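Taken in sequence, the protein lines are chains A and B. Going by my numbering, the first sequence opens with residue 28, and the numbers climb by one from there. Going by my numbering, the second sequence opens with residue 862, and the numbers climb by one from there.
In short, the hints are calculated from the structure, not lab data. Treat the hints loosely; a few may be bogus.
[To be verified] Cβ-to-Cβ under 7 Å is the rule here; a few derived chain B residues that face chain A:
id, residue
1, Asn884
2, Arg930
3, Tyr961
[Unchecked claim] Derived DEER-like restraints, expressed as beta-carbon distance ranges:
id, chain 1, residue 1, chain 2, residue 2, range
4, A, Val179, B, Gln937, 33 to 41 Å
5, A, Val172, B, Glu958, 15 to 23 Å
6, A, Glu96, B, Cys986, 31 to 39 Å
7, A, Gly137, B, Arg912, 38 to 46 Å
8, A, Ile89, B, Gln937, 36 to 44 Å
9, A, Asn155, B, Asn892, 41 to 49 Å
10, B, His913, A, Leu102, 45 to 53 Å
11, B, Arg912, A, Val172, 31 to 39 Å
12, A, Val88, B, Leu1004, 48 to 56 Å
13, B, Val998, A, Glu124, 56 to 64 Å
Only a predicted model underlies this, so the values are computations on that prediction, with no experimental measurement involved. Where is the CB? At the ideal position from N, CA and C, for every residue including glycine.
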Amino acid sequence: MKQHELDNRLSTIEDKLIRIERRRAPSAAEGAGDRVYLLCEREQVFEICRFLFEDLALRFVISTGVDAEDCFEVLHHFANDESGCIATVRAFIRDRENPEIESITPLIPGAEWIEREMHDVLGIGFKNHPNLRRLILDDDWPEGVYPLRKEVQT
Amino acid sequence: MNWKLWSLKKSIWVFHVNTGACNNCDIEIVNLLTPKFDVERFGIKLVGSPRHADALLVTGGGTRQAAVRLREVYRQTAKPCVVFCMGACACGMGIFEKGYHMAGPIDKIVKEVDPNAIIAYVPGCPPKPETMISGVVKALSAL
Chain A
28 MKQHELDNRL STIEDKLIRI ERRRAPSAAE GAGDRVYLLC EREQVFEICR FLFEDLALRF
88 VISTGVDAED CFEVLHHFAN DESGCIATVR AFIRDRENPE IESITPLIPG AEWIEREMHD
148 VLGIGFKNHP NLRRLILDDD WPEGVYPLRK EVQT
Chain B
862 MNWKLWSLKK SIWVFHVNTG ACNNCDIEIV NLLTPKFDVE RFGIKLVGSP RHADALLVTG
922 GGTRQAAVRL REVYRQTAKP CVVFCMGACA CGMGIFEKGY HMAGPIDKIV KEVDPNAIIA
982 YVPGCPPKPE TMISGVVKAL SAL
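Start from the sequences, fold in the hints, and give me the full structure.
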């Protein structure tokens, strides 16, 4: 499948989901030409992922969490292996005090551990996650300290 | 020579402890046991329990989670024993020096249990098997 075909498929997202912003990767380093960012607010993330995963049959690669100072970002990366294209769902969590987003684990079981890791190191809560226990921090790490947040100095 | 040290220096049995290494040093340690390097000709043997060991081969920088375990392993090792810090991470935490998850380096963790612990350092990322053998020989001849 070529770029324009993926684009055509992705453009149907806008028909199905209202107010979705779509952005090409800005530079070659970020994969311009074969990468699309789908910007959304946290409420829409589950529905967009469901669409990409079930309707477009894209493969879930990995998720990333970013502390962007004024908000948190959770990025779910999906790939189409035939064309090598990547679609990244970039969800913004504006509430820094109590960051929470819907879990995609009920939809994609493979996302369970990466969501637990993001919960550990960034303190992002995942609603409907089946098992949000500590994963990578050590047993006597203090509760409520999230080492990859910008304000934490180590 | 003190008889305890004399007995320590003959055919040392080693126990391998990984405290958060990337596995590269561990692979080189396994390499020591292959026919090419064959450290068993010096009587150096990998054992399954620290209670059988004369030396600890420690790889990795010493994460917070592993530090507790390393202290316990050191307590259970028959004394006198030598601690070999294998690789850059074990010697001085390497690139993980400022990481939030680190409790190391290894010498600091071990000295919390026993301030007079005998510690030898073999730097390198990873150290070559020849370097490891030479480090062990030098450390033992310095005892």
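Tested hints:
no.: 1; hint: Asn884; result: violated, 17 Å
no.: 2; hint: Arg930; result: violated, 11 Å
no.: 3; hint: Tyr961; result: holds, 4 Å
no.: 4; hint: A/Val179 to B/Gln937: 33 to 41 Å; result: holds, 35 Å
no.: 5; hint: A/Val172 to B/Glu958: 15 to 23 Å; result: holds, 20 Å
no.: 6; hint: A/Glu96 to B/Cys986: 31 to 39 Å; result: holds, 34 Å
no.: 7; hint: A/Gly137 to B/Arg912: 38 to 46 Å; result: holds, 41 Å
no.: 8; hint: A/Ile89 to B/Gln937: 36 to 44 Å; result: holds, 39 Å
no.: 9; hint: A/Asn155 to B/Asn892: 41 to 49 Å; result: holds, 47 Å
no.: 10; hint: B/His913 to A/Leu102: 45 to 53 Å; result: holds, 49 Å
no.: 11; hint: B/Arg912 to A/Val172: 31 to 39 Å; result: holds, 37 Å
no.: 12; hint: A/Val88 to B/Leu1004: 48 to 56 Å; result: holds, 52 Å
no.: 13; hint: B/Val998 to A/Glu124: 56 to 64 Å; result: holds, 59 Å
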